[in-house]
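Engineer: For reference, the chains in residue letters:
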Amino acid sequence: MTTAPGATPTIVLVGHGMVGQRFLEALAERGLTATHRVVVLCEEPRPAYDRVALTSYFSGRTPEDLSLTDGEFITLHGIELCLGDPAQTIDREARKVTARSGQVFEYDVLVLATGSYPFVPPVPGKDAVGCFVYRTIEDLLAIEEYAKTKASTGAVVGGGLLGLEAAGALKGLGLTSHIVEFAPRLMPVQVDEGGGAALLRTIEEMGLSVHTGVGTQEIVTDASGAVTGMKLSDGSELATDLVVFSAGVRPRDQLARDCGLTVGERGGITVDEQCRTVSDPHVFAIGECALASDGRVYGLVAPGYEQAETAAATIAADETEQLAFTGADLSTKLKLLGVDVASFGDAHGTTEDCLDVVYSDSRAGLYKKLVIGRDGTLLGGILVGDAEAYGTLRALTGSVPPISPESLVLPAGAGSGAQLGPSALPDEAVICSCHNVSKGTIRGAVTEHSCTTVPEVKKCTKAGTGCGSCVKVLGQLVNAELEANGVEVDKGLCGCFSQTREELYEIVLALRITSHRDLLDRYGREDARGGDGCETCKPAVGSIIASLAPTIGASGYVLDGEQAALQDTNDHFLANLQKNGSYSVVPRIPGGEIAPEKLIVIGEIARDFGLYTKITGGQRIDMFGARVEQLPLIWARLVDAGFESGHAYGKALRTVKSCVGSTWCRYGVQDSVRMAIDLELRYRGLRSPHKLKSAVSGCQRECAEAQSKDFGVIATANGWNLYVGGNGGATPRHADLLAQDLSDAELVRLIDRFLMFYIRTADRLERTSVWLERIPGGLDHVRDVVVHDSLGICDELEQLMRAHVAHYRDEWAETVNDPEKLARFVSFVNAPDTPDPVVAFVPERDQIKPDLPLLSIGLRPADDALEGSAQR
Amino acid sequence: MTLALETTDLKVQLRLADGWFTACELSALVPGRGVAALLPDGRQVALFRDRADRLYAVDNRDPFTGAAVLSRGLTGTHRDRPFVSSPLLKQRFDLISGECLDDGAVRVAAYEVRTA
Ligand code: SRM
Ligand SMILES: Cc1cc2nc3c(=O)[nH]c(=O)nc-3n(C[C@H](O)[C@H](O)[C@H](O)COP(=O)(O)OP(=O)(O)OC[C@H]3O[C@@H](n4cnc5c(N)ncnc54)[C@H](O)[C@@H]3O)c2cc1C
Ligand code: SF4
Ligand code: FES
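From first to last, the protein sequence lines stand for chains G and A. Quick note, the numbering used here runs 1032 ahead of the 1-based positions in the first sequence. Quick note, the numbering used here runs 1320 ahead of the 1-based positions in the second sequence.
Bound-form chain A, shown alone (with noise of 0.2 Å):
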């Protein structure tokens, strides 16, 4: 399994608990569409970038159907507020805070992000 990319662009990094962890180069991200990165414990972690090439990071797994998939889903401003919209059965998560816009009581994890 290959973890790291060899190029000399701008990389994706999220924080984990030991330090930051390079997911991807930047131009692997389109404006508007997520991708799924794999951390290195087994987790998925959805990536996206809004057009004003602000980054985020959520848990890539919709808690309403189990199935790895928010990556996939569409992503949009609310009051603001960016949000991606699951692809299975619709509900909104704040990709800042990872809260269900739809459900007050579920809430995925969202991860710090930056580029080097």
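With the rest of the complex left out, here is chain G (with noise of 0.2 Å):
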């Protein structure tokens, strides 16, 4: 079967990766896709993913998150995408492709953008059952069953940045994991010496075992075939069930050779500065499979993308825009272990006459290096353990640093260390490798395209939409631009303090403060000391002081004494305001589960009170159309049935959801009904930034919809994985992996942790999705410091969590038993036994609903009120 190319010219492409993709966006970009035919071959099962991002796979993305188009833009664009069929043959004489299923496109131009494969070393064994590489999502699918099914050990094959990423995936899927590197360290082509022997003693002390300075000479067998251990070049053996093959890559450059075209002595399809294959006009080579003009393979994303823009524009031979490549920068960040190792530039020193900068704290695992050129230029460097300075430094590259190097490299705090800010950087710094942005098209982003947040300038302008690793330079210059336009850049609460609520914490932990106006009288804004605050410090601050209560010696009761006039409505009232002023009462259903004499209770009590209920989405039930003063009575009677405040008002524990669990369902592994039950009842009352909501479900089914919660907890066959910042509401996000496996006991430890690191650091109605995306380092950031401990401060968290757990008291049990704390439930003061009138209701479906003509005529204001109030 031949596909003609009627009177449109076609542009083939083979390999839809992640240049691939990049290509067909910058086609559509010059309009190409309107005037040609567009036709994709596509070897994998599925269309480009986000390679660079594979292994967050472990951490919870799924691979529809890891996509980079979705099916809009391949219809939308009219691209011919044909999944899951290779190209086989070029006949470059008749212009033609022939795809694996039989079909035949011919081409006015081909582009080859087939990546690389992974080199797997001619070992004895290489092929036995056990035995992967780490390419694509379904090497790592595959990966995943055969750890959880048939091995508890797992070895990498190579040191590399690929390698390490690997280990560290293995060793999150819970086996014993090793490292042999054939070098003798670590990351042998990103850092030098120093930073290796930093970059070892991190790893090691995360459990992984290295081995470096040996070869891997077979891998050894059962009789199954499947591997068993790996015999080294030092003569020892390794004991592992499971093998990863990370020993670089290498351009799949078969096609192009099979039809003639030029390739280089070690790979790669020979192509020119435009991109265009030396050996054929009509053929283009892009990505990991060229060999570029300045003789290089390169195997990372940014260049990529720029051969992709090339490509795209010599073919749209558009006269304004003459690219070409010739040649990137190799700069590199590794994420996932947990360890910051940075190199950028020429990072091993190797241009003429250069000098070194090095700072090297073996115990803290610290190394950075700097080369410098003879004329003070910024040649590149190495940092390792702490990579903060990377965007700027990066950016920096090829200029005169502002400060003299040294300083850049010591840590703040150790005297002279000086933070660089991008302020200092040229506007032609490149801040986002990935997509080649440059400091001044951001600033222009804010001045000239009005964007005033980073989520705006990433879709103004593409940068930090790649590896991410230049998000954070990224906020400080959008700050940094619109404080120079005069737009202020206030990060205080509110009008009356200039402080964040994380630095309100703090004052209110360290000095003990148990007072809002204290607070406000001390650290408030100048004019808004002597002041009385405002709606926003005031219940963000009575929570900051009610999470900390027992801590810090104040009240642990939400309404003794000022707290109570820092309470929005609904904690004032301990119950939730609804449109005609009336309020509705949920009391506690631990996990959901309720036996059948409570629920009568609840049914009585809505019966007798002419209340309306309702199932919530929560798990529970809610009875709306109480007046003020019915409060304490259902209260009173709710108390005596053993139910106690659910919190709905509160900005605090809401409920933990379960699903059946092992009890009941057959599939259940763990009894999910149970452990729900447990963290409803140790968190609850716990005041927070925002609300927090949890599940917890009994397997990997997932019917508690564990992954859109604050914490999520997910049964597997070993204990439990804690899943964190997930989401519903108008924003949804899916939780990320934060922990796999845990016992019952180190389940709660981190919840505990996590739960106080997030009240401690996060904004006012914050929910912990926003916070994690927010923070700096992000999830990473959180689990170095919940599980790593990597601030020393999980003990202070973990007793911050036990004196909450050890002072919780019912509030609405301590209310109904108290007259003075009942006071305050009146309609009116001057006639407490005096229902509010407007407060009215009319039937509906059996049961109550607020009467709202009667709401929109209200009672008119008076005529004969004086204006102005006078003061006593």
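No lab work stands behind these hints: they were computed from the structure.
Here are a few chain G residues that face chain A, going by a calculated C-beta distance under 10 Å:
#, residue
1, Cys1528
2, Cys1566
3, Glu1567
4, Gly1593
5, Phe1605
6, Gln1610
7, Lys1611
8, Asn1612
9, Val1660
10, Asn1862
11, Thr1866
12, Asp1868
Among the chain A residues that face chain G by a calculated CB cut under 10 Å, a handful are:
#, residue
13, Thr1342
14, Ala1343
15, Cys1344
16, Gly1352
17, Ala1356
18, Ala1357
19, Gly1362
20, Gln1364
21, Ala1372
22, Arg1381
23, Asp1382
24, Thr1385
A virtual CB, placed ideally from N, CA and C, is assigned to each residue, including glycine.
Assemble the dimeric complex from its two separately framed chains, guided by the hints.
Structural biologist: See below:
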């Protein structure tokens, strides 16, 4: 079968990887998809995805999350995408490509973007069952499957960037992990000896075994052909039942070789500065399969993107836009393992006459080196253990930094350590190397396109949407630019405090301040001191005081003394205000489990007080339409029947939902109901920056929807997986996996730490999802802090939670038992027995609903009232 | 319906067309928190006390929703002017003039208050 090219010229793209997709976008941007037929042959069973972020699959990102395109882009631009159908032969004479399915496509322009394949050293046994490579989603699925069922130990051959990622992933899958590296140090391409030593210590501390300076000689197998170990070049044998080869990649140039295109001595399709193959003007090659005009094959995505743009511009023959690819930067930053490793520019100091500035602290696992030219130009560097300055330093490479290089590598606090803000960078400095976006472009997004936030700038410029390593600098630049334009970036909590919520938390904790008034008079903005605060800071400070109450010596009852004046109306009446001025009542039903007797009590109370009842989205029952003066009567009966406050009104723990779990469900592997009840009872009453929700599912089927919760727990055969930062609502977010296969005690300890760390550092009304996205370092940082105790605060966090748990008392039980506290529950101070006449109801579906016509007519304001009000 | 309370404490009074009306005892007002009082003609008023013990009174009805809830809002000061923020949709009302600070066209009645 031959598909005729017809009148419109045809572009055939072979390979739909990261660079291929970028090439399609570049074609679309230049209008070429409208004037050309575009055919894409894609070997993998799925469209292009983010290979750079591949490993995040193991922390919960699904293949769909990783996708780089949607059906809409493909259809909108009329692109013919053939999934799972690789190109098999190319006939350059006839300008035809034949795919495996037998389809034949004639082309005017052929673009090869076939990427690389993982190099597997030719050792005996390399094809045994249990040997894998690490390149595609399918590879990861296979590794995961095997690790779960057939392996307890894993070894990675290769200690480079990818090898370390793979080893981290194996460890995350619960395997004892080894790394075998032929070179004398880890990441030999990126770091030098000193950096390798610092890296080694940190990696070993994480519990990975590193074997450097040894090669793999043979893979040992058992009778069934499955891996049992490997023989190393020093004569030793390493027992392992899973092997991942990560010994580098090679360009996939076989297709090109077969049709006679020139390839380099060590592989790679030879192209010129326009990315056109040197052998055939109709054929281009881009990405990892191309040997660029500077004689290199680039194994990183940023240079590939630049090549994609270059090729598209050349095909468009755009006179105004003459792009050329002449080489690129090899900067890298290691993600995942929780160690910061970065190298940029001439990291190994190969430039003639260059000098080094080195700071090394082996105890702290720190190593930083800058390579400086004779004239003071920053040429490159290596950062291990602390890569904070990576974004700025990378952008400064090639220029003379405005402050001395020594001060750039000294840690803050070590005397002369200086912070170099991005304001020092020249406009041409490339901030985002993934998308080649300069500081000038980012500033332009703020000044000319009126972007005021990082997400807006990301959308406008694409900066920060690749590997993400530049986002921090991006944020600093956006703020600096806004400030320079006179837009004041006030991070203060409100008009009364110039501090953030996090800063106020630290002040309250350190100085044991138990009153908003005191805090305002001592730390408020000059003109707010002595005043009454506002509706923003009062509840926020009230919440901080409540979260810390037992530790700072404040009353644990949120309506005691001044605290009463700080609470929103919901907390003030311990119920939820409804649109007509009535309240709703939600008793706690831990884990959603409720005995028939208690259900009957709720039914009786609702009937007796004429309340509207509804099952909530949080697996419990809400009773609506109570007047303030009815609340104590309703609660007296609820407390009597053994119910307690459900805190539906508070910025506090709401519910921990559960599925039936292993007790009843045929699939359940753990008792999810018991765990949900335990968690709900542990964290009940915990005041936090925003509401907290949780759920526990008894198996991976996830009937409790734990992954949409602030902290969600999913049972595994070996314990519990903990997910954090999930959210429903208007901006749903899937939770990220924080840790796996935890015991009951480990799970609770980790949640204790996580919640207290969130309470300490989040902004007001910031759910965990938003917080996780906002805080520098994101999930990795949170994991460092709460799992690896990188800040050394875990003891304190646990202590704070223990104090909360020990001092918890039911607010409603305390209220109904204290006549003084009950005094506030009246509609009118001067007529305690009179109900508010505005609160009225009409029937609907056998229950009540607010009488809204009554409301909209309302009570007319008095005309005889005096203007202004005298002060006593 | 009981409208007057018998105590010896200081009373909070507000001025109506026909003279001073006693709403409640001063001690019933917590600084920063309001209460609602019922007037003889059935209207409702929201009474507040600030931290310097100044008193304020405005109509209790939230003009944006019709619900009688302003007494349950949080109070504060902005540029030295006292305000209450509606607990329903959070609009701020100046406690001295009754003016809505978020919408110049809307205001609630304000009353003269004293203690006696
Ligand atoms: C009653 C209930 C609806 C129902 O009839 O099912 C409800 C009712 C309200 N929700 Fe909700 N939400 C209810 C379950 C949920 C759920 C489902 C869940 O928890 O599994 C969600 C999505 C999950 C989530 O939060 O991530 C949910 C997401 C929201 C949001 C959006 C939060 C976000 O981060 O985007 C708001 C707005 C907010 O909090 O700022 C909200 C706010 C509210 C408020 C407080 C709005 C308001 O200010 O009046 C409602 C007051 C409840 C009341 O008066 O009692 N409600 N709300 C549910 C009470 C559950 C409970 O037992 O406590
Ligand atoms: C785990 C991992 C982590 C990485 N981390 C980073 C990082 O942090 N920073 C960075 O810059 N780079 C990183 N990389 C490298 C980066 O992913 C590559 O540089 C990038 O994907 C190259 O894009 P490409 O389109 O050239 O190749 P690919 O993305 O590999 O795409 C090539 C596609 O072509 C297909 N193909 C091959 N032959 C044919 C054929 N005959 N017909 C049809 N289709 C064919 C392949 O199946 C593949 O889908 C990482 C890579 C991995 C695996
Ligand atoms: S999540 Fe699993 S255990 Fe729980 S109800 Fe669903 S299938 Fe059963
Ligand atoms: S440098 Fe990778 S996203 Fe900007």
